[in-house]
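Visitor: So the chains spell out like this:
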Amino acid sequence: MSSDAFPTRRPALDRLDGAWAADKAAQVLMFVAGISAIVFILGIFAFIAREGLSFVFSRFSFAEFFGSIRWAPTSNSNPTFGALALIVGTASVTGMAMIVAIPFSLGAAVYIAEFARGRTRETLKVLVELLAAIPSVVWGFIGLSIMNKLIIDVFDVSVGLNVLNAGIILGLMAAPIMTTIAEDALKAVPDRYREAAEAMGATRWQVIRRVVLPAARNGLASAVLLGVGRGFGETMAVLMASGHSINLPTSIFDSVRALTATIAAELGETAVGSDHYGALFTLGLFLFLITFAINLTADLVVRGIRKK
Amino acid sequence: MDVDLDVKRGIITSLIGPSGCGKSTLLRCVNRINERLGYVRTEGLVEVLGHDAYDPQVDLSQLRRQVGMVFQRPNPLPISIRDNILFGQRMHEPDSPDLAGSAADDVVESALREVLLWDGVKDHLDRAATSLSLEEQQKLCIARLLPLKPSLILMDEPCSALDPKATAVIEDLIWKLRGDYTIILVTHNMAQARRASDECAFMLMGRMIEHRKTDDLFVTPKDQRTADYIEGRYG
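If you read the protein sequences in the order shown, they are chains A and B. For the first sequence, the positions run 1 to 308 when the working numbering is used. For the second sequence, the positions run 1 to 235 when the working numbering is used.
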């Protein structure tokens with residue numbers, strides 16, 4: 001073999017150059033960014049738990065917290081910490097929100113994914129995403145000023161800030177994200193299923209009802225669950241539209257108070273380390289666990305389809 | 001594309017030609033599944049059993065009930081084997097007595113028997129159809145057309161996703177259906193056309209070049225282009 005074929009000045013095979021270093025650095029950076037989510041979630045959980053658990057181990061009573069509707073942590077003579085009304089408040093507003101959001105968002109998703117074409121489709125998708133970007137305080141403002149009067153006029157009730165108001169506002173807030181996720185789920189259904197059904201003479205609606213919706217059901221369920229998670233966690237709009245009065249609602253025209261709104265409204269006025277402060281963190285811990293469970297379920301449900 | 005083709009009842013007519021010659025497009029005009037694409041315009045007359053398929057009076061759903069289709073990639077619906085077979089009837093005649101109780105079982109059994117799939121799947125009819133092997137899936141895709149008693153079955157390269165053994169099985173099956181159904185078989189595989197069709201039509205660049213009895217077309221092609229193609233000079 002001549003020396004021309006192998007020039008004498010070749011780079012050594014074991015030389016580590018700048019590109020190698022940049023590659024390693026980028027890998028480390030990406031890794032740190034990637035696991036930061038885990039670090040943050042554990043950190044937040046540890047913080048809330050530390051602040052809340054001191055209360056849980058001292059003043060907390062399971063029967064009172066989950067069984068009593070008396071939430072009077074600032075009472076001088078007899079402070080009580082019954083969160084039942086707050087839990088029911090949050091649940092009722094979220095339930096109302098889902099009644100509003102599920103038909104809206106699933107309908108919109110089916111239209112965007114199955115019927116709309118070209119420009120209409122793109123425009124709608126952008127608009128839906130814009131809707132998701134409206135700040136929650138703006139929604140709360142709409143609830144407080146517009147919906148309030150509207151509900152009083154239409155239903156002839158004395159107070160317009162109630163489960164119905166907060167539920168509608170929250171439903172409209174949750175609908176865009178639910179629409180986006182549901183649409184992704186519908187789009188993930190392979191087109192050959194639709195083609196197969198159409199070739200057998202199925203009409204558009206039959207294809208959607210008998211083929212597309214069943215095939216996408218896990219994704220749709222997870223869209224709904226994420227909407228529920230959003231409902232549980234929303235604070236400002238609910239605080240402004242729900243009436244914020246401690247109450248076990250007997251109709252959709254009753255005012256309620258949500259867990260989140262309670263924390264937001266009261267935390268600034270408590271002494272750090274007091275029972276009230278600890279109780280609010282316990283509410284936070286409870287909320288955190290619930291939304292965590294809902295989101296985890298949603299995630300597992302989606303993974304369920306992939307495995308099949 | 002400009003094509004004139006007369007398909008006779010009860011026999012298998014194969015469509016051959018090089019890629020892009022328009023065989024599949026022609027086939028997909030017959031049940032108007034081309035229209036899914038939205039940008040396709042079809043001109044001319046497609047007559048199925050004496051009816052113009054493009055007559056505005058024609059109900060697309062009824063047309064496709066009469067004209068079944070088998071696709072290149074087996075595409076069973078992501079539901080159970082049983083539900084795949086009953087899918088067509090549930091759509092077209094939801095009140096049919098065939099769908100009630102044991103009558104439905106008979107429909108499923110006879111359709112699966114006809115495609116020789118019954119013995120393999122009879123014990124797990126509730127399993128997802130997508131869990132079957134490709135060969136079984138393709139058989140199922142043929143079987144699910146049968147309860148609707150289509151007069152014409154379009155097959156768009158039904159074996160191209162299958163191995164030689166499965167191909168032979170499906171070809172036998174197609175041959176077995178001959179007589180009861182009119183079949184148009186698009187194939188990329190000349191040997192398959194030769195094995196599994198009565199008449200054969202050769203297409204090139206969107207035109208119908210020659211259409212004769214399969215044996216004649218392969219032994220004594222009239223057109224030079226046909227002769228060159230079947231001898232493998234191009235395509």
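Misleading hints may appear alongside valid ones.
Computed, partial: chain B to chain A, Cβ under 7 angstroms [stated by the list, open to error]:
| id | residue |
| --- | --- |
| 1 | I33 |
| 2 | P56 |
| 3 | V58 |
| 4 | R65 |
| 5 | N75 |
| 6 | L77 |
| 7 | P78 |
| 8 | M91 |
By construction, these hints were calculated from the structure, which means they are not laboratory data. Ideal Cβ positions, reconstructed from N, Cα and C, are used throughout, including at glycine.
Visitor: Would you mind marking each hint as holding or not holding in the structure?
Guide: Each hint, compared with the structure:
no.: 1; hint: I33; verdict: holds, 5 angstroms
no.: 2; hint: P56; verdict: violated, 17 angstroms
no.: 3; hint: V58; verdict: violated, 12 angstroms
no.: 4; hint: R65; verdict: holds, 4 angstroms
no.: 5; hint: N75; verdict: holds, 4 angstroms
no.: 6; hint: L77; verdict: holds, 6 angstroms
no.: 7; hint: P78; verdict: holds, 5 angstroms
no.: 8; hint: M91; verdict: holds, 5 angstroms
Hint violations for this structure: numbers 2, 3, all remaining hints satisfied.
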